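K.L.:
Chains as they are written, first to last, in our numbering: chain A, 1 to 236; chain B, 1 to 224.
These are computed hints drawn from the structure, not numbers from a lab.
It is possible that part of the hints are untrue.
Computed Cβ-Cβ distance ranges for the label pairs, DEER-style [as the list claims (entries may be wrong)]:
#: 1; chain 1: A; residue 1: His90; chain 2: B; residue 2: Ile121; range: 12 to 22 Å
#: 2; chain 1: A; residue 1: Asp20; chain 2: B; residue 2: Leu168; range: 26 to 36 Å
#: 3; chain 1: B; residue 1: Gly12; chain 2: A; residue 2: Leu26; range: 32 to 42 Å
#: 4; chain 1: B; residue 1: Thr212; chain 2: A; residue 2: Thr168; range: 36 to 46 Å
#: 5; chain 1: B; residue 1: Thr26; chain 2: A; residue 2: Thr176; range: 10 to 20 Å
#: 6; chain 1: B; residue 1: Ser21; chain 2: A; residue 2: Pro173; range: 26 to 36 Å
#: 7; chain 1: B; residue 1: Glu224; chain 2: A; residue 2: Ser200; range: 40 to 50 Å
#: 8; chain 1: B; residue 1: Gly12; chain 2: A; residue 2: Thr139; range: 17 to 27 Å
#: 9; chain 1: B; residue 1: Pro176; chain 2: A; residue 2: Ile218; range: 51 to 61 Å
Quick caveat, the model's predicted, so the values are computed rather than measured.
Note that CB positions come from ideal geometry on N, CA and C, so glycine has one too.
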Amino acid sequence: MSPVTSLRIPPTGLRFDNIDKRYGGLFALRRVSFEIAPGECVVLAGRNGSGKTTLLRVAAQIVKPTAGKLSFPGGDAAPPAHGRPGYVAHTTMVYDELTAKENLLLFGKLQNVEDPAARAEELLREVGLLERRDSLVRTFSRGMRQRIAIARALIHRPSVLLFDEPATGLDPPGITWLANSLREVNRAGCTVVMSLHGESEISALATRAVQLDAGSVIADTKSGASLHSILTFGSA
Amino acid sequence: MSLFSNTAILLGKELRTEFRSRELLTTTAVFILIVLVLFSFAINPGTEEAREFAPGLLWLAILFASSLMFQSCFLREQTNDTLSSLRLAVSDPFAIFLAKLIANTLFLLLTELLMLPFFAIFYNIPLWSKLPVLILVLFVGSLGISIAGTAISAISAQARMRELLLPLLLLPLLTPVLVVSTLVTASLLDREPVVQWKGIGFLAVFDLIFLTALWLFGEYLLEE
């Protein structure tokens, strides 16, 4: 089994119940309610500022909603007993002053990963950074940083993966690699939620698109034509 | 995973990143040294005046230098949003505070120990015989500064006027530590030294109260 697909089971879904997130008087999310089934691959679409990143950060439990409830059907409780969601953000969320391997070891140990050194090596090989494992992250290119960010999110074998613009900084072979990896983890039962702009190899994996506008869900579709339309033209 | 194992892992990270960059240690040590040198020109070493003012100068230098240290304590977690990845990874957010405040105390104590010989030379104050108790005073005082400083650093890192906010909140909060540490140090460095255990006890109680408050409410300081 590939390192990225050796994920935890059972698969876990996500349920947003009337989620509001307010910053002062500004609603970033307004009454967001929908459920993502375990093992589903969902794209969050919408214009800049529509609330995609906030929704992903709520799902990752980095941001507490002002109102409403987040739960993980299929998991035992929130956070799921078999690991918190793996989250890849706009920023790398790793330390520039540590090497690639030290970063993965740090997050592996904190999350009680069995044999973190072996897991870190596995992932470094998978993301193509094994030869640079002892280099400081600050010496990495944008694409390499994105790869280490993805490896960090996968270190604890999460059953839910949240990606905010995962292709940022990746070159075409990198995007192909990411699309293949996501396909593998999704096939292995991992729930994948990602925010994307436009159609790509990665968006082709999605079986459902949820469109946000001004913090509210305005479209939710599983139909191929509507999905294509949302990703390409920004509306169903 | 327990609070203490998470803390130990994070403390290892704090020490590794600092000893690799030496950013905080260098800034703090240089600042304290400059203050001690400058004031040694203003006060005649070896006089009663020097004995009277030197402890206060030492603690003021430590306090101002520590505020430089706390500016970057949580701020450097924001560069790559590593605070979010830590919050996702740890079982208890208090581990993040505990690791940072232990690291800050260690850095502060290390800087102070490096500066003590300069302090003894510039102000002509023999320290050798009082060193064990002086280290104890420096420890409880520095721990108090670090606990309050780490908490305020977490608050100010998310604010807009963070450079102004940190000293504005920190310095009044640490006035009791500054006053008591200075008094205890002054009586220790007197020609007829006295160990003020009540003062040391006060500092220990201050540390305990602020540590408990941080344990109870620290999680809210990390929220977005």
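K.L.:
Hint by hint, note whether the structure agrees.
P.N.:
Checked hints:
no., hint, result
1, A:His90 - B:Ile121: 12 to 22 Å, "violated, 52 Å"
2, A:Asp20 - B:Leu168: 26 to 36 Å, "holds, 33 Å"
3, B:Gly12 - A:Leu26: 32 to 42 Å, "holds, 40 Å"
4, B:Thr212 - A:Thr168: 36 to 46 Å, "holds, 43 Å"
5, B:Thr26 - A:Thr176: 10 to 20 Å, "violated, 45 Å"
6, B:Ser21 - A:Pro173: 26 to 36 Å, "holds, 33 Å"
7, B:Glu224 - A:Ser200: 40 to 50 Å, "violated, 29 Å"
8, B:Gly12 - A:Thr139: 17 to 27 Å, "holds, 22 Å"
9, B:Pro176 - A:Ile218: 51 to 61 Å, "holds, 56 Å"
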